[in-house]
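Undergrad: In this text, residue positions in the sequence shown follow full-length UniProt numbering: the first is 1, and each later residue adds one.
Don't take each hint at face value.
[Stated by the list, open to error] Simulated pairs of lysine to aspartate or glutamate, DMTMM-like, Cα-Cα distance not exceeding 20 Å:
no., residue 1, residue 2
1, Lys186, Asp196
2, Lys186, Asp159
3, Lys186, Glu162
4, Lys257, Glu233
5, Lys186, Asp213
6, Lys257, Glu244
7, Lys257, Glu273
8, Lys186, Asp210
9, Lys278, Asp253
10, Lys278, Glu244
11, Lys257, Asp218
12, Lys257, Glu223
13, Lys186, Asp218
[Claimed, not checked] Just the calculated beta-carbon pair ranges, DEER-fashion:
no., residue 1, residue 2, range
14, Ala226, Gln156, 35 to 41 Å
15, Ala277, Arg245, 35 to 41 Å
16, Arg245, Glu162, 28 to 34 Å
17, Lys278, Met219, 22 to 28 Å
18, Ala191, Pro133, 21 to 27 Å
19, Ala286, Gln128, 47 to 53 Å
20, Gln156, Ala286, 25 to 31 Å
21, Ala277, Gln128, 40 to 46 Å
If you are wondering where the hints come from, they were derived from the structure by calculation, not from laboratory data. Quantities reported herein were computed from a predicted structural model and do not represent experimental measurements. Don't be surprised by glycine CBs; every beta carbon is placed ideally from N, CA and C.
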Amino acid sequence: MTTGFIVMAALLVLCIGLLFVPWSGRRSISRDGLNQLIYRQRLRELDENRDAIDASQREALVTDLQKNLLDDVPAATSARAGRAGAWVYLPGAVVLVAVTLGIFFKTSSLMAVSEWQQAAAQTPALLQRAMHPGAQPLTMSDLSRLALGLRTRLQQHPDNLESWVVLGRIGVVLNNYTLASQAFEKAYRMAPQNADVKAGYAEILLRSPDEADNRLADMLLQEMNAQAPNNTEVLGLMAFSAFERQRYPQAIDAWQKMLQALPAGDSRRAVIERSIAKAQQELDGAGK
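Take these sequences, add in the hints, and give me the full structure.
TA: So this is what it looks like as structure tokens:
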């Protein structure tokens, strides 16, 4: 980008310089020199023919030559004066500079680079806020900048599992399926036995319109449920998957297991009970 900027600046200076080159002045100087050359040539001719004309005729001819030469002087002077009038091109030069800079800033990646640099600088503070529940919540704009900063950091440190997981969860919040799926897929390949990674990846796969992704999600959830039958996060995802595919008995079974695993005063119990009632209603309606 620096090289392109230098080339653009050089071309701009050249164009402005061409506006002020005294082209007409050069032509006037050549014309003046030609007139003087003709004048001297005619004087030499008069001297050579001195014997053929008398003194009074010669004087009259010389006077005519001088008069003709003087008649051309105002034109040359006017041309030289026009050279000073080159400053009338100054507004054009200003417009040229403004248009050139406008095109440069619009078409170059300068603004994108500036945003990237700001996001990279803010990443540590934004990440600290995201990781501490008591900190000020991040806005959607904050999350977008944090995602940009994390992608930059992961280009330099691609083996940072935690950053991939955080990036995937940010993608979920931003409703950016592509970002979330790519991040969790990368994390899963790095740590296929990590429960948090597995659950996050399964959740993203359940959102996919691709049936193959959905089947992979169900397989991952079954593996996790076999290892930890009372994991409420896994049970919740299994219930969601079953309900979305109209497998209402399986959804009800998973939610009932969640109720058994949750403490009596847990606020999630009311939501789960309503979900069970909804699934039962759908099941009863399907049986009629």
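Undergrad: All hints are to be evaluated individually against the structure, with a verdict given for each.
TA: A quick look at each hint next to the structure:
no.	hint	in the structure
1	Lys186 / Asp196	holds (13 Å)
2	Lys186 / Asp159	holds (9 Å)
3	Lys186 / Glu162	holds (11 Å)
4	Lys257 / Glu233	holds (11 Å)
5	Lys186 / Asp213	holds (15 Å)
6	Lys257 / Glu244	holds (18 Å)
7	Lys257 / Glu273	holds (11 Å)
8	Lys186 / Asp210	holds (19 Å)
9	Lys278 / Asp253	holds (13 Å)
10	Lys278 / Glu244	holds (12 Å)
11	Lys257 / Asp218	holds (17 Å)
12	Lys257 / Glu223	holds (17 Å)
13	Lys186 / Asp218	holds (19 Å)
14	Ala226 / Gln156: 35 to 41 Å	holds (38 Å)
15	Ala277 / Arg245: 35 to 41 Å	violated (19 Å)
16	Arg245 / Glu162: 28 to 34 Å	holds (32 Å)
17	Lys278 / Met219: 22 to 28 Å	holds (26 Å)
18	Ala191 / Pro133: 21 to 27 Å	holds (24 Å)
19	Ala286 / Gln128: 47 to 53 Å	holds (49 Å)
20	Gln156 / Ala286: 25 to 31 Å	violated (53 Å)
21	Ala277 / Gln128: 40 to 46 Å	holds (42 Å)
Violated hints, in rising order: 15 and 20; the structure is consistent with all others.
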